[in-house]
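From first to last, the protein sequence lines are chains R and Y. Quick note: the first sequence, position 207, residue 211 per our numbering, numbers continuous. Quick note: the second sequence, position 122, residue 138 per our numbering, numbers continuous.
I should point out that these hints are in silico values taken from the structure, not numbers from a laboratory. Do not rely on the hints blindly, as some may be mistaken.
With a Cα cut of at most 27 angstroms, we get these calculated DSSO-like pairs of lysine-lysine [said to hold, decoys possible]:
no., chain 1, residue 1, chain 2, residue 2
1, R, 263, R, 158
2, R, 158, Y, 283
3, R, 262, R, 158
4, R, 60, R, 74
5, R, 170, R, 158
6, R, 60, Y, 283
Bear in mind the structure is a predicted one, so any value in this text is a computation, not a measurement.
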Amino acid sequence: MASDALTVVPVRRANWPVRIAWLLFAVYFAYALTHLQVTPARFITGLEHGQKFLSKLFPPDFHRWELLTKGLRESLEIAILASVLGVLISLPVSVLGARNLMPAWVTWPARVVMIICRSFHPVIIAILFVKAVGFGALAGILALTVAAVGFLGKLFTEAIEEISLKQVEAIRATGAPFMSVIAFGVLPQVFSRFVGFASYELDSNLRNSTLVGIVGAGGIGGTLFAAFQRFDYDFVCAIIIAIIVMIVAGELLTNAVKKVFRA
Amino acid sequence: MSAAAEPVAREWQRYSCGERIARFVVYLTLVAAVVLSVRSVEVIPEFILDAPEQVADLLKRMWPPDAASYPQEIHQALLDSMHIATVGTVLGVLMALPFGFLAARNVTPWPWLNWMARLVLIATRSVNTLVFALFFVAVFGPGALAGTLAIAFHSIGFIGRLFSEALENTSPGPIEALRAAGAPGVSVISFGYWPQVVPAFWSLVLFRWDINVRESIVLGLVGAGGVGMVLDNAMNLFLWGRVAMVLIAILAVVVLAEVAVTYIRKKIL
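Using the sequences and the hints given, assemble the complete structure.
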């Protein structure tokens, strides 16, 4: 028996399509590298710059902590409001986009809205909102809300499409109106997943809310960008440390929430 | 008989007392957070009232999109963005793999190494691509190199974390078998762990590439190359027709990338 097993030698067959794909990718990669315009001289001077840069970053300067906490608080507010608005808007949009509840002529427009919202980076949307509603937190809130509708809408729709339709049918059979079907047939099946997605979205909004300030849409990003431009690198370091602490704290908090809702 | 079977008055409850309190605390915190945010966030009401007019004005200026600018300026910049995304993803994966192995508790049995690797992954994930881009523009000067490195460094945390989670979910059977046969560490990794995590690895590389395509587009706003620079220029010059054209081009590329990723994922997984 044992000798039988030993005679079986696994042979790796040459998989030519995969090899050719790898080769093509390698050629493309080399071509793309030439586009970066990396020369050894540039790299070496860059490393020197980098060394100087790192030495200027430390020690971090927390003297202007009032400016720092003000920015962080605004970022936090933007993240919270954008997440809540995003959830409130994506709930109806995702019900409209679910193929198992709605006819095709309703799902397609809803899906197109979600795709468009999802395709643009929050910062690009923020630029447009800054032009539309002026500088400040409002532009940031609206931009992150749009991004949240794109992202949550997709996840919510997929969750709704995976539910069991038996409960929906049972409730329909009692003659319940549409809103009751949603509230008692659909929502209970997806609620804990929705909580999971929503807390993930809060997490990602928290990250992005520290960013939209770069284009003038409120939050700590504006402070960070200004400090960068004034070569105030020790304050930059303080801001980045504060951002990391806030994001890690947010992640721990959302993990706790997920545990409570078993999402 | 009948006396013993008498039903005890008990009410069915879906959640235990502790669970209900925990849920209530979460709801309460949420409501409190929203109320506090609404009260203290600085929003100027005139701007809200003015918004519909401004948006209408913006859309009017954007129409018609300046199609002539696409072959002149946008096309090359868009290709640059794609190069930045792809090269950045590859570099990011190369840097993320070692940290992924170091962070997985079952592969690396030393807790202090796990924690060091985890710290790197958390830090690179928390510092946004745009912030990395600001750094690298300061170090290497404006251009695609700064953007590529920014994408690569931010990808480390994402890929490394998910990769280490995939490693920790592998079944220990094949690994024990290899160890019992006296296989060296490299063989244990390449024949024990690697085959088990290959599907997860490719799926997260594709996912990250898709994200990086979106991110590479905004990098130009801080001078790190790609189509974002064209967008920034057009906006500073108030060429709204060109802005609209750039946005349309971005939408097309992002949707195509998503379709491509979905197709490849179906093919190879």
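For a quick check of understanding: which of the numbered hints are violated here, in increasing order? The structure conflicts with hint 6 only, although it agrees with all the remaining ones.
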